[in-house]
Amino acid sequence: MSEVGERLAAGAQAEGFPDLLYSDAERALADALRSLLGDRAAPATVLARTESAQTYDDGLWQALAADLGLAGLLIPERDGGAGASYREAAAAAETLGSFAAPVPYLGSAVVATAALLAAGAPVRGGLGPPPQAAPSAQPAQPAEPAGSSPRASTEAADLLRKMADGGVTVALAVPFATQPAPRGPAFPATVRLAGPRHGDTDSGVSRLRGTVTGVADALPAGLLLVPADGVPECLYLVDMAADGVSKAPLASLDMTRQLCDLWFDDAPGTLVASGQAAKRAVTAALAAGAAILAAEQVGLAQRCLDMTVSYARERRQFARPIGSFQALKHRMADLWVEIALARAAARYAAACLSSGDPDAPVAVAMAKAYCSQVAVHAAQECVQLHGGIGFTWEHPAHLYLKRAKADSLALGTPDAHRAALAGLVNLPGP
Amino acid sequence: MSEVGERLAAGAQAEGFPDLLYSDAERALADALRSLLGDRAAPATVLARTESAQTYDDGLWQALAADLGLAGLLIPERDGGAGASYREAAAAAETLGSFAAPVPYLGSAVVATAALLAAGAPVRGGLGPPPQAAPSAQPAQPAEPAGSSPRASTEAADLLRKMADGGVTVALAVPFATQPAPRGPAFPATVRLAGPRHGDTDSGVSRLRGTVTGVADALPAGLLLVPADGVPECLYLVDMAADGVSKAPLASLDMTRQLCDLWFDDAPGTLVASGQAAKRAVTAALAAGAAILAAEQVGLAQRCLDMTVSYARERRQFARPIGSFQALKHRMADLWVEIALARAAARYAAACLSSGDPDAPVAVAMAKAYCSQVAVHAAQECVQLHGGIGFTWEHPAHLYLKRAKADSLALGTPDAHRAALAGLVNLPGP
Amino acid sequence: MLKPEQVRERVRAFLAEHDPAAASRQDFLNARFDAGLAWVHYPEGLGGLGASRALQAVADAEFDAADAPGIDPDRNPIGRGMAAPTILAYGSDEQQRRWLRGIWTGEEVWCQLFSEPGAGSDLAALATRAASDGESWVVTGQKVWTSQAHLARWGLLLARTDPGVEKHAGLTYFACDMTAPGVEVRPLRQLTGEAEFNEVFLTEARIPDSDRIGPVGEGWKVANATLMSERVNIANARSGPRESGMIGPVAAAWRARPELRTPGLHDRLLALWTEAEVARLAGEMLRQQLAAGKPGPEGSAAKLVFARLNQEISAYEMELAAADGLRYDDWTMRRPERSSFFGRSPSFRYLRARGNSIEGGTSEILRNIIAERVLGLPSEPRQDKGVPWKDLPR
Amino acid sequence: MLKPEQVRERVRAFLAEHDPAAASRQDFLNARFDAGLAWVHYPEGLGGLGASRALQAVADAEFDAADAPGIDPDRNPIGRGMAAPTILAYGSDEQQRRWLRGIWTGEEVWCQLFSEPGAGSDLAALATRAASDGESWVVTGQKVWTSQAHLARWGLLLARTDPGVEKHAGLTYFACDMTAPGVEVRPLRQLTGEAEFNEVFLTEARIPDSDRIGPVGEGWKVANATLMSERVNIANARSGPRESGMIGPVAAAWRARPELRTPGLHDRLLALWTEAEVARLAGEMLRQQLAAGKPGPEGSAAKLVFARLNQEISAYEMELAAADGLRYDDWTMRRPERSSFFGRSPSFRYLRARGNSIEGGTSEILRNIIAERVLGLPSEPRQDKGVPWKDLPR
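Chains as they are written, first to last, in this note's numbering: chain H, 1 to 430; chain S, 1 to 430; chain D, 1 to 394; chain L, 1 to 394.
If you're looking for bench data, these hints aren't it; they were derived computationally from the structure. Ideal Cβ positions, reconstructed from N, Cα and C, are used throughout, including at glycine. Do not take every clue at face value.
Here chain S is said to cover these stretches of chain L; the calculated rule only asks that three of the stretch's residues, wherever they fall, bring their Cβ under 8 Å from a Cβ of chain S [what the hints assert, rightly or not]:
1) 268-280
2) 299-307
3) 372-383
Please build the complete structure, drawing on both the sequences and the hints.
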């Protein structure tokens, strides 16, 4: 195409291009959030929290829910939420990322919420077709599904209402490393249905058995959304406090979002969605998680750069601020450029998700692949350019390094997301 | 393994480790070569040559052959050569590379010579078993092979003798991009045997038909070694001046080693090797070419760094030599480190080839993959750090840039050599 | 401010009075300029209506619909992109009336006479001397990397009028008549074999004081307006559709030639594709910021990214092309009016892209600018501060 | 010079007189030192025979063959690697006799008291003050990043004895008794959760003048000998067999776990493998140069490459490990005697490797050194040249 042609095409295309700028509402939300976190999630506080028995900050999460509506940001207003879009959710995630705040925002307010919304219960009125009867050869069957659909629907809507004010925190029980479909597993279930227990009378309760490892934001969750294998695949709601549910916190790379393993030993579950609806719910949840995590990575990267720049302006060696050394200046400039690009990628992904743009899978894969690398790069430079102090436990740089590296592995690695792009943009492998 | 254990193992291994240092003889050869090239291959001379009708410098090549024995460096003393090893050949290539000298050293004194040596004719006494009679279904057959073996042997030895003093220049007729086996083609032949011509009486002459594109160092060659497809595969000697042979110079990225296309239209060829011997000859030739090209790349990279450093010490902007700016200093330091590594890789490859070390295929693949990247990086930095002047035609930086980039594509790209390593060091693909 | 409909009406009224088919192209364009329909965001009387920049598309669409002769967007890029904003900001009323119309119509091509062999990154150290003889300025010196100089009627000239003061303070900005005696243009061949650029030798060339732009000694400030425009242009120009940039031919080759694909090249392609697309999105975000009247500092990033990506992608394309990469298309010395990466060989793209990080401000200088002006990092110790230009070490 | 056979004979003679099974380990090692069979290239009387360094292997092999107690190579690395060469070069005869034997046998562990919170890269700006009271020096200050300090009997201390002269000129080098009053060692926890290092607080600690190494005011020169030894050690230590470094666990995981392999990760693995192996070859080349008595400047490169590769490979290993990379093995605060990358999780390797480009001289400082000392590039404008230390901005 000639360069003239290009310019014309660009103009033409630009008219329908999603808005990438921050709206006034997004800026206001971010400002309020920054102010609250500035008070309650200072680096020393966050660091101390990682060394405590309760690595999640429940009080902070309640404050974010109550004061800023963060727990119900994506939940429709009629269900008690803020009725915001993924754009606002991304703006909030950017700010949360810039503090490495130890709250289950991503897991509950984004991933689990997206799953419930996509399951169709409250929004689209119903869970889709009831699960089909499975062949009898299957070792375990879902509990009698007939008639469960309306109950599940009510329950999901009720659940969103409880989540909206932070009263209930929910986690999707899949490993944090899980990449969204299509390249990730079509249905990431490691739990199966067990037969009903002797004495089970409620036909709406099924029994789940299995293990899910390395789950994010499940430690503080009261309820779990558990994908279970079977024909069809189903998504169940499980009470963390129920008999047969146990969890074990893991020594995690990122202790500001400590993972845990979950065991289900004939744990009682209520059906939320099945078949295509269940798959759709999990895929939508993971895609939303990846997109919002990309925004978090942008916020984290920006914070790392800001910290590094201000340290470089203060720290003197050789009778000069180290920020006056050209090699360091160029590295910080390169980082700033990368972050500008990462921000555009994350904004685009959130915009595509918000509007249901068909380019969303491409946008999410690009954003997660690119922002992961930028956040890690920024955190690594933050440690390096702080020199010795950046390598100590007392300095917060490592909180960002660990979160950045963990986030880059979560919800699909950069390599995995690039591989997903291959199929999405017709650049097939050999 | 514990670090103690490592240290012990290292010590144990070190005893049998190939010598990577430059010998006095290698240093003396390089010094003499540098002095001769300093007189006759100054950048302006080399640049002017690329714009002339004869892009190869025959006079220079004759001088290198006569004064320094470069044409016959690898040829045994009993055949009139210097009887040197690949180590000395690499040392010479380093210096030639540092001048981007327009002479057919790589093609004739390394690649073609290695082919003739590996064909076994002069060294191992004979060309191996005569080619087997091919099935009659083949469209073209080798000329009657019986009895050709002793003649070919004599001829190959004669040929090496003529090559030793630069009297005859020979090129292997394969595309310069060809990677050595095993990952490259087992026998890179695009020429086939044609039936004998009416009137052909010499049973030792075969007729060749086909095209070979993008051949290096064939423009100044008097004779060609032509791999021909068939059962078995054969290697023929063809006189460039013979009827039925034509060549067309190509606009090449690297005009200091201009490529050409070759056409064979019932061209007469004399058998040099067949079957396994022919394959061995071509594989050895390409592997030697890749190893020696890696050494050339080291020399080129070092020259680029030297030029850049001396320009950075002289050129002033902002009332300072630009070499005092830290960002530039760090980039030159990084380049210096890379070149130190590349040199070790190239030395190891040459040492392994010299001693017939079984690690040679690994060494060659590593050296070509790594040195290619370093030479390109050095040449790119040379252009960049020279600023505007480095982007002009009059400045020699582009001669190095073009040669570096072309060399990186020649005899297997870095990607292709890494892929070869996968098999060699047991790191298989998915 | 004017509404879209008002602009549309003005164009229709203009077209009613000026039959596009009847008038000569130049006359038509002149009349369009005089009617304020050239660049509608320019002031009235200078080709505009003082309207919002966004309404330009409305006017252009109307003219296109009428099949009216338009300007050639490839002609006079420096005039339209750099000379016009500079003259608008710093030129006298008379200069604006004299030059802007010819710039917009493309009747008069402009070039930029800034860089010198000894003053590239350190532009303010330039040595071209302009001495006043009362009525006019006598200019002697050498400029380099002047694209369009061989086509240009005018040059934006930065010259030293006072060597006795600090380097930035002694500069003055002129419009130089490229046809004047003492102005000699010679082609400058670059490593691609082409000569897109020129060297310009000024030997006692005379410039009337009326062609001075801005006050004596304030040339640096005026030049910065020019350079800023250059960067905004680069940023603005880079927003094409997906795969419209350097990644285009690579993705096309990958799709068309499965035999070139290897696993190792695949991941690198995907990484480059991602970066190219992300850079395009960043360009779009920047464009939206500009359109919203909130230009961000991200403009400084655009050229840096453009250069790096062009270089990485074209280098990758060479490895993908392998044997084909060893060839070049044409070493003939040519003087292209405008350089394009497309329609040439991968090896041309590879070589030409090397210049992207040098021309129009090196990537090193851009990083300095970002570090100091955007991030607020301290400048390095300056050895030329407060030193008269004539006393600087050279 | 001694021949291998002569060394072998001396060991046999020694063993004939000192039954390895009978003597206590420390007595045996002391005797071996006194017989000049400790480090054979050291002078006679100081544990050596003045022989070629290459003959050490001959002696060691003889002792190994006799099952004689040997030194623990993991003990006292700073003593053997840095203190000994420094004392050999700058210590008095008495100091050499007093300290070298205990260093070699490992009886006395040494640490290095150089870096300070305010003097890392700019080591010569250090503030720890040593004031003379005639007989001894009274030292006050804070040192940091001191590995082995909690195990050490002695510290190599660099302190400021004259604040009134240029920063390099006012330094003096001491051996500091770590058990003396006023010396306090506190663990310094790093981001891996461990505390390999220490902070050392010196509060009016007294050092007798007899423990000063080198002349007053020449501490910088002596310290450079120590730093040079450190770099040579690092270079020497890195030459293991193929895949013995950080690439080892990655290659092993790749081979053992086919389910982790992807095309995209494959090319990066091969690139890293190649670089790791090439770096190993460069280390071998350096070792050969040292053995040939021609140490090249490539030693400066070794640590730089080691740090970069460790970081890139461990980062890659995390991506290969994916889900496993999200875990850590143990955040307990521990005080390992010696840090090792192996036997820990990929996430530990990733985190610990971040320190490789900071500890023992940052990669930035190493690049400065290469640029200035190896390539001869001009230094940056210095703002601290000729300024008394006390007047430097802080």
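Status of the hints after comparison with the structure:
For the stretch 268-280 of chain L, the stated coverage by chain S holds: 9 residues have a C-beta nearer than 8 Å to a C-beta of that chain, and at least 3 were required. Here's how the stretch 299-307 of chain L fares: 3 of its residues keep a CB closer than 8 Å to some CB of chain S, so the rule of at least three is met and the hint holds. For the stretch 372-383 of chain L, the stated coverage by chain S is satisfied: 9 residues place a CB nearer than 8 Å to a CB of that chain, which reaches the threshold of 3.
This entry satisfies every hint, going by the numbered hints stated previously.
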